Amino acid sequence: MSVASNKLAASPTLKPHKSADIFSKLVKLSPRFLLALLILPVIGGLISVLLPAFGYAPVLEHTTLGLHGFTMLMQTPGLTHMVMLSVGTGLISTLLAFIITLMILAAFFNSPWLNRIQRLLSPILVIPHAAAAIAVGFLIAPSGMISRLVSPWFSGWELAPNGMFPHDSFGISIILGLTLKELPFLLLMALGVLAQPELGKKLRQQHKVALNLGYCPMTAFFKVILPSLYPLLRLPILAVLAYASASVEMPLILGPNTPPTLAVAIMHWFNDVDLNLRIKASAGALLQLVLSGGLLALWLGGEKTIKALFSDLLTNGEREYGGVYWQKITTVLTVFAISFILLSLIGLIMWSVAGFWRFPAALPEQLTLLHFKSALMQMQSPLFNTLAIGLVTTLFAIIITLLCLESEQLSAKPLSRFTSLIIYVPLLVPSIAFLFGLVWLQQLVNNQAAFFNVVFTHLLFVLPYVFLSLASSYRRLDPRFAHVAASLGATPCKVFLHVKLPQLFAPILIAAALGLAISFGQYLPTLLAGGGRIATITTEAVTLANGASRRTSAVYAIMQMALPLIGFILAWVLPKYFFKSAHR
Amino acid sequence: MLANKFWQTLSRYSLCFVAFCICLVISFKSLASTQLQSRWQHVESLGKDQSVYFYAWGGDAQINAYIQWAAQQVKTNYNINLVHVKLSDTSEAVSRVLAEKSANNNDKGSVDLIWINGANFATMSEHSLLLKQWANKLPNFNYTDPSNNPAVNFDFGIPTNGMEAPWGQASLTFYYDSLAIDGTANNTLPTTLNQLLSWSAQNPGRFSYPKPPDFLGMSFLKYALVMLHQQSDDTLKAQLNQPATTQNTAQVLNPLWNFLNKLHPTLWRDGSHFMQSGAQMRRLVGDTELSIAFTFSAPEVPAAVKRYDLPKSIRSYAMQDGSLSNTHFVAIPYNASHAQSAQLVANFLLSPEAQAHKQKPSVWGDKSVLIQSTLSQEQQALFKTVEPHPSALPLNSIKRTLSEPHPSWVNAIMQGWQARFGVSQ
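Order-wise, the sequence lines are chains P and Z.
Mapping of the first sequence onto my numbering: residues 66 to 649, in sequence order.
Mapping of the second sequence onto my numbering: residues 111 to 535, in sequence order.
Chain P extracted, bound-state conformation:
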């Protein structure tokens, strides 16, 4: 941090301008600000959950420490079932998404199909979990598209059959939903790693060498690419695992309720009339934390075991493990996953414009825009809230991120490892574990400013993604432009605003679109921090998902998808018209 000020002091010709002075200070402070912004709420939230869990809740007139909350938790009927459901769905869905990602990468590495699959799947990434869950629910329900397509000519069903999906007690629907949602994320993360110029080139060349040595393409991928690729995929995978084991939207929409997953049960306890249940809920939140932590440890342990067991295989020279069959299996699996996704989207769109559509007809009897009309009438204030919260949060996140990255460049040393790790904290700590404590803290500080509380809470989840998305482009920026500008006498502030930002216009827009998409999709943070007063498209969509009308629900899900998509389209189109000259 002192390098920047030394530089300024050492070059008297620069004559630090007053605004530059403020700017440098701001830049210098920003990493600490970022740290505080991410750590304090999470730690404060965790403490505010920890204390009531051990019986300390002055508001409820409980001040004696004890294990009362845990005793209550243990006596909950079906607790083991809840825990198994949470652990099982989280682990299996992550594992499936990871394995399918690897198989797709291995089978289509260096093939044009990889790009096509990427293009097909990347829009899925911006679909919020709630909307995805609604779409999957439409597909697999007894009266869903799959069942309609085979009825009555094949199945003989005139009425919807007695099915088990969604809401099956084994959580298969949850696993299906989570896998399909996380698969594109992991795939795009991997492709992002491979798109890094130097690493990607190196890996592709190594792959070619392996092919020339007679390795089957899939074997080559697992033996040559994976060992270098995996370490860079680890954090996204852990984030997926932590999220999947503690998420609320998917199990709420697709999961069973006798009993639900632990996270959903905790949410119900927190919202119960009986405030004493909050103690049990806090104990449950701790249990959730232990479970998610345990899963992460299990994953890392499994990683070590696999490494130890299979490291010999890397060098045993075996070229072929039935690659042709695996290739076929992967193709089938990919086609299956993509058609599953497409079919649920088609179903969703049809429901949103359907008139009467009695089972088992495959198409609606008539089409109508009635549902869009009536939903749009009632959507105005949620839509406004969604946009306002998203824009404020994202703007703030981008400013902090840019300042932090600028401080990194001014001080000429990268952010400390600690800071880079902290950025992931809100992604790795299950939100249900610290959000309740955070909300409790927020209520102590200010009870009324629901909008501010929501923005603040969203920031926790938006900031990491915005940072990760901007960091690589910022670090890759050619420093010579800044040097030239500085040698011409431009202040750091001017260099930042007039030289760097225009060059970064496209990445900033992408980061903004990503930040908006993340903010749009937040359910639990909006619900809790807003005290239910702030309705967004997402909270409405989840409320309506198990409600009366598939048609209204479909309209909301489509809106949920459309909003982030519009953001990304803008981020893609605008750079073609503005600051073109800066970006060559």
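It is worth saying that the hints were derived from the structure and are not from the lab.
Bear in mind that the values here come from a model prediction, so they are computed numbers and not experimental data.
Note that beta-carbon positions come from the ideal geometry of N, C-alpha and C, so glycine has one too.
Be a bit skeptical, because a hint or two may be false.
Unchecked claim - One side of the interface only, derived from the structure: several residues of chain Z facing chain P at Cβ under 10 Å: (1) LYS196; (2) PHE384; (3) PRO421.
Stated by the list, open to error - Straight-line distance between alpha carbons at most 16 Å, and here's what the computed EDC-like set of lysine to aspartate or glutamate pairs gives: (4) LYS185(Z) <-> GLU154(Z); (5) LYS416(Z) <-> GLU430(P); (6) LYS242(Z) <-> ASP217(Z); (7) LYS321(Z) <-> ASP380(Z); (8) LYS321(Z) <-> ASP217(Z); (9) LYS211(Z) <-> ASP339(P); (10) LYS422(Z) <-> GLU430(P); (11) LYS211(Z) <-> GLU236(Z); (12) LYS416(Z) <-> GLU497(Z).
On the provided structure of chain P, position chain Z as indicated by the hints.
Structure of chain Z alone, referenced to chain P:
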């Protein structure tokens, strides 16, 4: 003689006294009414130009639209911003007020008005979380004929003490898919609780009820409980109107558990999974997964058909052995930030125009709480209906109403249910 004079004087005095008393009563009465009037003017002057946060269940598009309409009306009448805070469960608002009370927030509460009845009202009134003696002073409250109408003064048997203003009336009615229940042998429309059980056994998987503590699911259980005790002796039957205690709970609820043990294996998903809400149940009828369902707001059925959410083949009817009925209310928490404005809104919701608009099948179709005889000709004309929809409940279907058991039974049923059926085996 003397006695005569005495009587004369006495009668003269007593005449004067009576006259005085009459004067006094009249003046008190007019004083009281002017007091009420000036009270209301006071409320009007304080309540204008503010926001009212109305915490109300938000799971039905039609009801939400009605509240939006009401918001526009109070905006034009009083410049009040009525904000509908949509709840998925009313207990969320109750716990919010309770939390505010325990945090010593006694005058800046976030809830101004709350849609409530039954157990939630019992909880709030027990913890003194509600503003008292305001609802009975609303000008439009007189249209409910309060002195002859216990339905607006008692909420599940608990006196309201002016803590809540009536908003609407509901009865548990049923609807079915006439293509699925086609009247063939073993598939005739069940019109009593026992017929429902045997029909469900013959047509497994086509009926279920929302998982308690859902309001509608609880209502079905209460209907079953009341019906199962129809033949019980009077002392046992009387327990239904008494608070649930550890002594009487088992005896009163055992018939219900026996009934459910027989019913559950025949239900949708074998009774191992229950839907979350009445709205979801309606969707499952639309999906043809269920063939028969029930609702507390009969007009939502034709409205759903008009919106394509239910098939055209849906028909409504009332059970012949009785329909559970109750009134729902709006209440003001004791710590509401805008209590006066909330009273203005509550009064508007009770007005003939608002009640008539609410009763229109195309709007919400919730039965009015106003008594027609208290209304003027023009006001009565507002309630005239048009030709009913084929899926609507035929007029005068409800032959026999069943009153709600004491609200404490809700909790007793819920806990018993949770212990027996809450975790699928």
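Each hint, compared with the structure:
1. The beta carbon of LYS196(Z) comes within 6 Å of a beta carbon in chain P, closer than 10 Å, and the hint placing it at the interface holds.
2. Interface hint at PHE384(Z): satisfied, since its Cβ lies 7 Å from the closest Cβ of chain P, which is below the 10 Å cut-off.
3. Hint status for PRO421(Z): holds, given a least beta-carbon distance of 5 Å to chain P, under 10 Å.
4. With a C-alpha separation of about 13 Å, the suggested pair LYS185(Z) and GLU154(Z) falls inside the 16 Å cut-off, and the hint holds.
5. Of the pairs offered as hints, the one joining LYS416(Z) and GLU430(P) holds, with about 14 Å between alpha carbons and a cut-off of 16 Å not exceeded.
6. A hinted pair counts as satisfied when its Cα atoms are at most 16 Å apart, and LYS242(Z) with ASP217(Z) qualifies at roughly 15 Å.
7. Under the criterion of a C-alpha separation no larger than 16 Å, the hint pairing LYS321(Z) with ASP380(Z) is consistent with the structure, at around 14 Å.
8. Of the supplied pair hints, the one linking LYS321(Z) and ASP217(Z) is violated, its CA atoms being roughly 36 Å apart against a limit of 16 Å.
9. A threshold of 16 Å between alpha carbons decides the hint, and for LYS211(Z) with ASP339(P) the separation of about 14 Å falls inside it, so the pair holds.
10. Distance hint between LYS422(Z) and GLU430(P) is fulfilled; the C-alpha atoms sit about 12 Å from each other, no more than 16 Å.
11. Taking the CA atoms of LYS211(Z) and GLU236(Z), the gap is about 13 Å. The hint holds against a cut of 16 Å.
12. The suggested pairing of LYS416(Z) with GLU497(Z) holds, with an alpha-carbon distance near 14 Å, which does not exceed 16 Å.
Of the numbered hints given earlier, the model fails hint 8 alone.
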